[in-house]
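Protein chains: 2
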Amino acid sequence: MSESLLAATISALGLPDEKAMAAARDRQEQLTKPSGALGRLEALSIQLAGISGRLQTPTSPCAVIICAADHGITAEGVSAFPSAVTAQMVLNFLAGGAAANVLARQMGASVTVLDVGVDADLPSHPNLIEHKIRRGTANFAVEAAMQAEEVLAAIEVGIRTANQVIADGARIVIPGEMGIGNTTPSAAIAAVLTGQAVEMVTGTGTGLAFAGWRHKCEVIRKALALHKPSSTDPIDLLRCVGGLEIAAITGIVLAGAAARVPILLDGVIATAGASIAARLAPLCIPFLVSGHHSQEPGHRAFLEHLGMLPLLDLDLRLGEGTGALLALPLLQASVRTLNEMATFDEAAVEKGIED
Amino acid sequence: MSESLLAATISALGLPDEKAMAAARDRQEQLTKPSGALGRLEALSIQLAGISGRLQTPTSPCAVIICAADHGITAEGVSAFPSAVTAQMVLNFLAGGAAANVLARQMGASVTVLDVGVDADLPSHPNLIEHKIRRGTANFAVEAAMQAEEVLAAIEVGIRTANQVIADGARIVIPGEMGIGNTTPSAAIAAVLTGQAVEMVTGTGTGLAFAGWRHKCEVIRKALALHKPSSTDPIDLLRCVGGLEIAAITGIVLAGAAARVPILLDGVIATAGASIAARLAPLCIPFLVSGHHSQEPGHRAFLEHLGMLPLLDLDLRLGEGTGALLALPLLQASVRTLNEMATFDEAAVEKGIED
Chain F
1 MSESLLAATI SALGLPDEKA MAAARDRQEQ LTKPSGALGR LEALSIQLAG
51 ISGRLQTPTS PCAVIICAAD HGITAEGVSA FPSAVTAQMV LNFLAGGAAA
101 NVLARQMGAS VTVLDVGVDA DLPSHPNLIE HKIRRGTANF AVEAAMQAEE
151 VLAAIEVGIR TANQVIADGA RIVIPGEMGI GNTTPSAAIA AVLTGQAVEM
201 VTGTGTGLAF AGWRHKCEVI RKALALHKPS STDPIDLLRC VGGLEIAAIT
251 GIVLAGAAAR VPILLDGVIA TAGASIAARL APLCIPFLVS GHHSQEPGHR
301 AFLEHLGMLP LLDLDLRLGE GTGALLALPL LQASVRTLNE MATFDEAAVE
351 KGIED
Chain S
1 MSESLLAATI SALGLPDEKA MAAARDRQEQ LTKPSGALGR LEALSIQLAG
51 ISGRLQTPTS PCAVIICAAD HGITAEGVSA FPSAVTAQMV LNFLAGGAAA
101 NVLARQMGAS VTVLDVGVDA DLPSHPNLIE HKIRRGTANF AVEAAMQAEE
151 VLAAIEVGIR TANQVIADGA RIVIPGEMGI GNTTPSAAIA AVLTGQAVEM
201 VTGTGTGLAF AGWRHKCEVI RKALALHKPS STDPIDLLRC VGGLEIAAIT
251 GIVLAGAAAR VPILLDGVIA TAGASIAARL APLCIPFLVS GHHSQEPGHR
301 AFLEHLGMLP LLDLDLRLGE GTGALLALPL LQASVRTLNE MATFDEAAVE
351 KGIED
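Here the protein sequences come in this chain order: F and S. The first sequence: position 14 = 14 (my numbering), numbered continuously. The second sequence: position 231 = 231 (my numbering), numbered continuously.
A couple of the hints might just be wrong.
Copies of the same chain are indistinguishable here, so a pair counts whether it falls within one copy or spans any two.
[Unchecked claim] No farther apart than 30 Å at their CA atoms in a straight line, the calculated lysine-lysine pairs in the DSSO-like style are these: (1) K228 with K351; (2) K351 with K132; (3) K132 with K222; (4) K222 with K19.
Rather than coming from a laboratory, the hints here were simulated on the basis of the structure. Quantities reported herein were computed from a predicted structural model and do not represent experimental measurements.
The task is simple: from the sequences and hints, build the whole structure.
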């Protein structure tokens with residue numbers, strides 16, 4: 001059943017709407033500004049038209065789905081924060097006190113927490129979706145992070161949740177995340193998918209010092225030597241060294257792309273999930289927008305691999321969806337300028353002539 | 001009288017509030033996130049606290065003042081658009097059809113056009129402030145762009161206008177601009193103030209081809225050889241090769257800084273005006289935020305000279321205030337996260353320990 005929902009979602013993927021993109025490109029040339037003067041906003045407006053099939057791509061409501069899970073690999077001492085903080089931060093999200101909540105309020109976005117594997121009993125709450133696949137992954141330094149069926153179940157939970165928020169009206173989806181330890185599986189995935197050396201894609205996460213970073217690299221190298229995951233089998237890669245929230249993000253990305261709803265990506269964890277999705281089904285790539293460039297080095301590797309250029313670069317390394325939320329006004333600005341600016345004809349402004 | 005208003009404004013400049021900055025820095029360490037994880041938003045929140053003297057720096061209402069003027073240097077064929085477009089675009093601003101209008105509506109900012117030197121009769125309009133100093137500058141390829149008294153009058157108009165919008169409630173001011181030909185005086189000012197070669201600070205403006213760019217560089221080089229302006233006399237520099245809207249922006253920057261209201265800078269023209277202000281009174285610099293990095297090469301020279309790092313880099317080269325408007329949500333986000341996020345204590349989240 002899991003595999004068939006995944007397969008059905010992948011089958012539903014389509015190409016961007018070339019006609020809408022051509023219409024957007026054409027209109028950009030008619031607007032009262034020098035050709036190309038809105039820079040990346042112009043390209044973004046054309047991409048969004050390709051996603052939605054029209055010039056007025058809806059850019060609200062925006063739904064942030066914070067996928068939360070724990071990581072057995074924290075037993076190896078790879079994080080500056082204890083695992084208990086995952087559940088504590090989930091409560092902080094539900095109380096509205098985290099950075100993602102503050103930015104979501106500012107941007108008019110909703111925040112839903114999706115528990116796919118937090119190692120704690122959480123209280124029921126209207127903004128919490130409970131789909132615990134297991135209470136955190138196993139320690140992948142000694143065994144596979146999870147079973148293949150668990151990977152598929154977590155992806156499926158992501159698909160179902162994205163389908164639900166889209167059915168409820170969301171027109172932009174931001175997959176966020178919370179999971180103490182999750183830059184470690186992300187770095188392992190980056191090393192395998194991009195072929196870069198572990199040291200090049202491993203960062204300091206929430207704040208390791210140099211010795212901790214060196215140890216984290218060593219843990220990842222040993223785990224990759226133990227499991228020998230293949231870059232061509234992304235489900236098996238998640239099984240060996242993945243995370244439950246990363247698998248859920250993969251599902252969200254595929255479901256959003258299948259529904260032709262733009263997926264606004266945050267940092268290294270979200271982009272790890274998107275990279276798995278892109279390996280499963282490259283047709284999802286044109287439906288992704290990279291919100292920001294994180295300080296985590298694995299993020300750059302993923303972005304280069306996907307051929308994506310992030311909109312913002314503000315030295316963030318917080319996750320949760322914060323960098324994506326900060327980029328949301330840029331998506332809205334690109335659509336609004338495309339649609340609301342006067343044309344040269346309408347405003348009786350002369351066009352320039354290149355000399 | 002002009003000189004005394006300018007002198008009084010400069011005398012009113014003060015230092016950032018160190019106590020408020022320390023309080024902001026301290027609070028950033030208590031918020032539920034890894035230390036430093038909000039990157040440049042943290043530094044921005046601290047800077048804004050220094051400007052306003054409190055943690056809750058007001059970030060609205062925001063007023064865009066589009067300073068408009070014409071340029072005699074266009075007689076040399078330095079622009080891809082005809083001079084008549086300055087007035088046509090003013091009408092477009094008043095009708096709400098330009099990019100700056102669209103973005104101001106999105107961001108909840110007001111747009112006022114300040115005519116300091118448009119070479120056309122403009123209709124009266126509630127959003128148009130009429131203070132024409134002269135109908136465009138003289139062609140500085142053959143004579144000084146204006147008289148020293150006109151420079152001071154234009155700066156004074158900027159000061160008065162900024163004081164007025166601040167008295168009317170503005171808590172962020174964006175000096176925008178419109179003036180066909182104005183990347184030419186900006187490049188000349190950049191060459192003189194930063195000491196860089198004309199070719200390094202001259203761009204293609206609204207869309208020159210290579211031959212046009214080469215000619216523009218030659219016009220600027222000859223003008224600088226003719227007038228020999230000194231980098232240490234910014235009023236005289238404006239007199240020789242400046243623009244009326246650039247002088248008005250200088251006044252807006254000084255008045256905003258004196259009123260301890262953050263000035264959010266757009267691209268090369270706004271930063272030319274700010275660089276003149278900084279040369280007149282370096283104390284204004286801490287009150288400036290660079291919204292974005294323009295594609296015009298002179299902008300980078302100014303920013304390096306001022307020691308400023310822009311928030312956005314989206315390949316824009318439109319002016320009007322558009323790049324600054326796009327950055328406004330980032331200022332608001334920095335203040336909101338500083339003030340609205342829960343602390344570790346409030347949320348009962350454990351702090352990390354660097355290993």
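Here is what the structure says about each hint:
Taking the shortest Cα distances, K228 and K351 never come within 30 Å of each other, neither inside one copy (60 Å) nor across copies (35 Å). In this assembly of identical chains, K351 and K132 lie within 30 Å of each other by CA distance solely across copies; the values are 25 Å between and 59 Å within a copy. With identical chains, the CA atoms of K132 and K222 are at most 30 Å apart within one copy only, with a shortest distance of 28 Å there and 72 Å across copies. With identical chains, the CA atoms of K222 and K19 are never at most 30 Å apart, being 50 Å at best within one copy and 49 Å at best between copies.
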